[in-house]
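Visitor: Sequence:
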Amino acid sequence: MSVKVVYYGYLSDLAGTRENVVSVRDGASVRVRELIAERVIKLGESSLIILVNDTPSTLEALVKAGDTVKVLPHVGGG
Numbered sequence: 218m219s220v221k222v223v224y225y226g227y228l229s230d231l232a233g234t235r236e237n238v239v240s241v242r243d244g245a246s247v248r249v250r251e252l253i254a255e256r257v258i259k260l261g262e263s264s265l266i267i268l269v270n271d272t273p274s275t276l277e278a279l280v281k282a283g284d285t286v287k288v289l290p291h292v293g294g295g
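The working numbering numbers the first residue of the sequence shown as 218 and each following residue consecutively.
Any given hint could be a false lead.
Label pairs and their computed distance ranges (CB to CB) [stated by the list, open to error]:
#1 Gly244 to Thr285: 15 to 21 Å
#2 Gly244 to Gly294: 41 to 47 Å
#3 Tyr225 to Gly295: 19 to 25 Å
#4 Asp271 to Leu231: 21 to 27 Å
#5 Ser240 to Gly293: 34 to 40 Å
#6 Glu251 to Gly295: 21 to 27 Å
#7 Arg242 to Ile266: 26 to 32 Å
#8 Arg250 to Val292: 20 to 26 Å
#9 Asp243 to Gly295: 44 to 50 Å
#10 Val292 to Asp243: 32 to 38 Å
#11 Met218 to Val292: 28 to 34 Å
#12 Gly294 to Ala245: 35 to 41 Å
#13 Lys281 to Tyr227: 24 to 30 Å
#14 Met218 to His291: 29 to 35 Å
Below, in silico cross-link-like pairs of lysine to aspartate or glutamate (EDC-like), each with a Cα-Cα straight-line distance of 16 Å or less [claimed, not checked]:
#15 Lys281 to Glu251
#16 Lys281 to Asp271
#17 Lys287 to Glu236
#18 Lys287 to Asp271
#19 Lys221 to Glu236
#20 Lys221 to Asp271
#21 Lys281 to Asp243
#22 Lys287 to Glu251
Hints listed in this document are in silico derivations from the structure and should not be mistaken for laboratory results.
A virtual CB, placed ideally from N, CA and C, is assigned to each residue, including glycine.
All chains should be built: construct the whole structure from the sequences, respecting the hints.
Guide: This is the structure in structure tokens:
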């Protein structure tokens with residue numbers, strides 16, 4: 218089974234892909250931080266918006282096979 222990770226905006230450029238599918242053993246859980254560590258974690262948590270199955274989440278959230286993680290850049294301005 219697998220977890221799908223989708224990167225939005227300039228994060229897809231940093232990650233080198235728009236989507237990434239990560240294999241996860243059946244019954245296992247993995248932290249979002251581990252899924253994206255190699256690609257965009259260097260930005261820091263405050264500059265990322267994390268959704269797990271379209272629900273706001275954090276880098277410490279546990280995900281399992283079949284879940285979808287969306288990683289969006291934090292947007293600010295006035």
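Visitor: Now look at each hint and say whether the structure bears it out.
Guide: Against the structure, the hints come out as follows:
Here the CB-CB span from Gly244 to Thr285 is close to 18 Å, well matched to the stated 15 to 21 Å. Restraint check, Gly244 to Gly294: a C-beta distance of roughly 43 Å satisfies the suggested window 41 to 47 Å. For the hinted restraint 19 to 25 Å between Tyr225 and Gly295, the CB-CB distance of approximately 22 Å keeps it satisfied. Hint check: Asp271 to Leu231, Cβ distance near 22 Å, so the stated range 21 to 27 Å holds.
Checked against the hint of 34 to 40 Å, the C-beta distance between Ser240 and Gly293 comes to roughly 35 Å, which is consistent with it. The beta-carbon spacing between Glu251 and Gly295, approximately 35 Å, falls outside the hinted interval of 21 to 27 Å. Between Arg242 and Ile266 the Cβ separation comes to about 28 Å, which falls inside the hinted range of 26 to 32 Å. Judged by the Cβ atoms, the range 20 to 26 Å given for Arg250 and Val292 holds: they are separated by roughly 21 Å.
A beta carbon spacing of about 47 Å between Asp243 and Gly295 agrees with the range 44 to 50 Å that was offered as a hint. The given range of 32 to 38 Å is respected by Val292 and Asp243, whose C-beta atoms sit roughly 37 Å from each other. Taken as a hint, the range 28 to 34 Å holds for the pair Met218 and Val292, whose Cβ atoms sit roughly 32 Å apart. Remark: the range hint 35 to 41 Å for Gly294 to Ala245 is upheld by a beta-carbon distance near 40 Å.
For the pair Lys281 and Tyr227, the supplied restraint of 24 to 30 Å holds, since their beta-carbon distance comes to about 28 Å. Taking 29 to 35 Å as the suggested C-beta distance range, the pair Met218 and His291 conforms, at roughly 30 Å. For a cut-off of 16 Å, the pair hint linking Lys281 to Glu251 stands: about 12 Å separates their Cα positions. For the proposed pair Lys281 and Asp271, the alpha carbon gap of about 14 Å is at most 16 Å, so the pair holds.
For the hint pairing Lys287 with Glu236, the CA-to-CA distance comes to about 9 Å; that is within 16 Å, so the pair holds. Straight-line distance between C-alpha atoms of Lys287 and Asp271 comes to about 8 Å, which keeps the hinted pair within the 16 Å bound. Distance check on the hinted pair: Lys221 and Glu236 sit about 7 Å apart at the alpha-carbon level, within 16 Å; holds. At most 16 Å may separate the alpha-carbon atoms for a hinted pair to count; Lys221 and Asp271 meet this at roughly 12 Å.
Between Lys281 and Asp243 the CA atoms are separated by roughly 8 Å; this keeps the pair inside 16 Å, and the hint holds. Of the pairs offered as hints, the one joining Lys287 and Glu251 holds, with about 14 Å between alpha carbons and a cut-off of 16 Å not exceeded.
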